[in-house]
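Participant: These protein sequence lines are chains A and B, in that order. Numbering follows numbering that gives the first Met the number 0, in which position 75 of the first sequence is assigned residue number 74; successive positions increment by one, without gaps. Numbering follows numbering that gives the first Met the number 0, in which position 139 of the second sequence is assigned residue number 138; successive positions increment by one, without gaps.
Among the hints, erroneous ones may be present.
Just so you have them, the derived chain B footprint on chain A, three or more residues with Cβ under 8 Å [said to hold, decoys possible]: (1) 54-61; (2) 121-132.
Only some residues are given here: those of chain B computed to face chain A with a beta carbon under 8 Å [as the list claims (entries may be wrong)]: (3) S241; (4) V245; (5) S248; (6) A250.
Since the hints were made in silico from the structure, they are not lab data. Glycine included, each C-beta is placed from N, C-alpha and C at the ideal position.
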Amino acid sequence: MNTLLSVNTIVRPLLTATITVILLVSIGKTGTVHAAQDELNTAAQLSVTPKPCVALRKGQTCYLEVTFTWQHPKVGNYCLVNATTNHTLQCWEQHTKGEFSFDFQATMSNDFALRTQASTTDLVSTTIPVAWVYQSSKRAKSTWRLF
Amino acid sequence: MTTLIKQHHRASHFLLASLLLTSVCFSGASAASDISHKLRQSTEANSATENYFELGLGIATGIAPKLTEDEQTWTSGYLVMNGSYTWHNAFIEAYGESGDGLLLGYNAYESDNWSLDLVVGPQFSGLDSDEKFAELDDRDTSVMLGGRLTGYVGENVLQFTLKQDIAGKSKGMLATALVGRNWQVRNWNVHGLLGVQYFDSNINEYYLGVSEAEAARTQFTAYTPGSNINYTAEVGVTYPISENWVFRSTARFNTVSDADMNSPLFATTRSTRSSLSASVSYVF
Chain A
0 MNTLLSVNTI
10 VRPLLTATIT
20 VILLVSIGKT
30 GTVHAAQDEL
40 NTAAQLSVTP
50 KPCVALRKGQ
60 TCYLEVTFTW
70 QHPKVGNYCL
80 VNATTNHTLQ
90 CWEQHTKGEF
100 SFDFQATMSN
110 DFALRTQAST
120 TDLVSTTIPV
130 AWVYQSSKRA
140 KSTWRLF
Chain B
0 MTTLIKQHHR
10 ASHFLLASLL
20 LTSVCFSGAS
30 AASDISHKLR
40 QSTEANSATE
50 NYFELGLGIA
60 TGIAPKLTED
70 EQTWTSGYLV
80 MNGSYTWHNA
90 FIEAYGESGD
100 GLLLGYNAYE
110 SDNWSLDLVV
120 GPQFSGLDSD
130 EKFAELDDRD
140 TSVMLGGRLT
150 GYVGENVLQF
160 TLKQDIAGKS
170 KGMLATALVG
180 RNWQVRNWNV
190 HGLLGVQYFD
200 SNINEYYLGV
210 SEAEAARTQF
220 TAYTPGSNIN
230 YTAEVGVTYP
240 ISENWVFRST
250 ARFNTVSDAD
260 MNSPLFATTR
270 STRSSLSASV
280 SYVF
């Protein structure tokens, strides 16, 4: 019994310490991986020119020929996605950069993102703002007042 | 504001005099007033532009009958002052492209597709201080009160106006009927407008007539015009340069009736007048 007790006394702290070390190491490694990934994502770039898109009146469709340029430090399969409509505009395989031109048509501002193919996570994003010169609003309904 | 806007139709103050006197004729542009604004801004049925003010500069060229010059063509710069302010159903508006000048109004009725405004504002102007007209009686500005019915029928905007002078100057009455529509070609807003205007004999007589008393003391012969009808057509584009800058260009064509052209006040006569203008405005 005494022997068993002494084994427990010695082995248990050792096991606990080992598990703790393993956990700490694995957490450390995961953190490092995430940090590296974040760094890569931070280094990813996406820009669009020109902007903003300006319509005459609020609610009108705004038209603008735009060009997206993106780059990512890691070779991969990437897609340019309209995050507002969730519509994929273009995908590239085994690329670190790309360019894409298209005819933007919208009544409101749209967000665009670079995503890893088949992923829904935005690596980097940008916006095409839609602005307008004149606000317009529906007049309040009324009835005959004077006649 | 009316004067400022009308100035763009004038090559000089002589031309200004002509146009002031013949603003009846120019009412082709005037009558386009709010409908022109609606068409330019491509507003939806029965929607109103929120309160705004804009200032701009433009240049215009054209050909028109004149009171004091032989040369019928003209080119001139002009100031654009547009704006509107609505408080409940009352509003004040001034649209440079209309030539209607400052207008006070009250929206009396509104349905999905029709709107009736009661409007009042100065219209038409007196003779300029040109020596040629020094001995003539003054032609003062009329204050026109009336109704403006605007309808949205399909893609078209209709506008009917009936106004009467309440200042006791011309004591005249005018009626207009206009139809227009707009198209959006990418960010360009294109509009077209056709119209007809009726001016009663009181307006024509006050602004274009020459009384026996005036004829007795000047070289002008006495002239008593009747009523007349003019037709107008307009094509314009409006383009948003940025959130605060707007470009406009308008080509306008008006017929000029015999009632106008038979007036001895004119130095040169034409059966039509036309103009082409372009402006850039800053929207506050």
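Participant: Going back to the hint list, which numbers does this structure go against?
Facilitator: Hints 5 and 6 contradicted; others consistent.
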